[in-house]
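From just these sequences and the hints, can you work out the full model?
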Amino acid sequence: MAMFSNRRSEPAEPASPASPARPEPLPSNGASTPARSGGVLSRGVSIIGSVKFHDQLLIDGEVKGDIKSTGTLTIGEHASIKGEVRSKSVTVQGTVEGNIFATERCELMAGCTLRGDIEAPRLVVDENATFLGSAKVGTPK
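Residues in the sequence shown are numbered consecutively from 1, following our numbering.
Calculated from the structure, these hints are not laboratory results. Hints may contain errors.
[Stated by the list, open to error] Under the rule of at most 20 angstroms between Cα atoms (straight-line distance), these lysine to any residue pairs were calculated in the SDA-like manner:
| hint | residue 1 | residue 2 |
| --- | --- | --- |
| 1 | Lys88 | Thr70 |
| 2 | Lys52 | Thr95 |
| 3 | Lys64 | Ser80 |
| 4 | Lys88 | Asn128 |
| 5 | Lys82 | Leu57 |
| 6 | Lys64 | Gly116 |
| 7 | Lys52 | Arg86 |
| 8 | Lys52 | Glu62 |
| 9 | Lys82 | Arg43 |
| 10 | Lys136 | Val124 |
| 11 | Lys68 | Ile48 |
| 12 | Lys82 | Asp60 |
| 13 | Lys68 | Thr103 |
| 14 | Lys52 | Asp66 |
| 15 | Lys136 | Thr113 |
| 16 | Lys88 | Leu57 |
| 17 | Lys64 | Arg86 |
| 18 | Lys136 | Phe101 |
| 19 | Lys88 | His54 |
| 20 | Lys88 | Ala135 |
| 21 | Lys82 | Gly111 |
In structure tokens, the structure reads:
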């Protein structure tokens, strides 16, 4: 018994400094930080109906229906959206068939396709994006 109690007291001291070292690498990993603060609709997942969220959402699957949010929406390169999108900020990398209404910003990345209209105070369009529609850019007066 005396041998086990000596072994416990020695490793117990080094174990406690090792446990604070574990959380430090996790926040520095950029991939795990967005997963904690927002949601992900993975590639291969399909939703028919409306989608609502508050903070952040990455959609890389398929949505047939309207998307409404007060947060940030990223439409991934494999995503296919058929419906109206209303959000604070929208970044499009995939395909959208429908109108986008952003209260802060809309960005069309290289390789994306948008068939619909955009209404946003700020609009960024990459030269390799496909945009078939009209845009109202600026703050309404």
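Each hint tested on the structure:
Our distance criterion of 20 angstroms between C-alpha atoms is met by Lys88 and Thr70, whose separation comes to about 5 angstroms. Between Lys52 and Thr95, the direct Cα distance comes to roughly 19 angstroms. Compliance with the 20 angstroms bound is thereby established for this hinted pair. Our distance criterion of 20 angstroms between C-alpha atoms is met by Lys64 and Ser80, whose separation comes to about 8 angstroms. Annotation: proposed proximity of Lys88 to Asn128 is violated, straight-line Cα distance about 24 angstroms (limit 20 angstroms).
Among the hinted pairs, Lys82 with Leu57 is consistent with the structure: their alpha-carbon atoms are about 17 angstroms apart, no more than 20 angstroms. Between the alpha carbons of Lys64 and Gly116 the distance comes to roughly 15 angstroms, so the proposed pair stays at or under 20 angstroms and holds. At most 20 angstroms may separate the alpha-carbon atoms for a hinted pair to count; Lys52 and Arg86 meet this at roughly 10 angstroms. For the given pair, Lys52 sits about 15 angstroms from Glu62 by alpha-carbon distance, which is consistent with the 20 angstroms threshold.
Note on Lys82 and Arg43: the hinted pairing holds, with a Cα-Cα distance of about 16 angstroms set against a maximum of 20 angstroms. A hinted pair counts as satisfied when its Cα atoms are at most 20 angstroms apart, and Lys136 with Val124 qualifies at roughly 12 angstroms. At most 20 angstroms may separate the alpha-carbon atoms for a hinted pair to count; Lys68 and Ile48 meet this at roughly 14 angstroms. The straight-line distance between the Cα atoms of Lys82 and Asp60 is roughly 13 angstroms, inside the 20 angstroms bound, and the hint therefore holds.
For the proposed pair Lys68 and Thr103, the alpha carbon gap of about 12 angstroms is at most 20 angstroms, so the pair holds. A distance of roughly 9 angstroms separates the Cα atoms of Lys52 and Asp66; the hinted pair therefore holds under the 20 angstroms criterion. Proximity of Lys136 to Thr113 is assessed by CA-CA distance (about 18 angstroms); at most 20 angstroms being required, the pair is judged to hold. Between Lys88 and Leu57 the alpha-carbon distance is near 12 angstroms, which keeps this suggested pair within the 20 angstroms criterion.
A hinted pair counts as satisfied when its Cα atoms are at most 20 angstroms apart, and Lys64 with Arg86 qualifies at roughly 14 angstroms. Among the hinted pairs, Lys136 with Phe101 is consistent with the structure: their alpha-carbon atoms are about 10 angstroms apart, no more than 20 angstroms. The straight-line distance between the Cα atoms of Lys88 and His54 is roughly 10 angstroms, inside the 20 angstroms bound, and the hint therefore holds. A C-alpha spacing of about 16 angstroms is found between Lys88 and Ala135, which places the hinted pair at or below 20 angstroms, so the restraint holds.
For the hint pairing Lys82 with Gly111, the CA-to-CA distance comes to about 17 angstroms; that is within 20 angstroms, so the pair holds.
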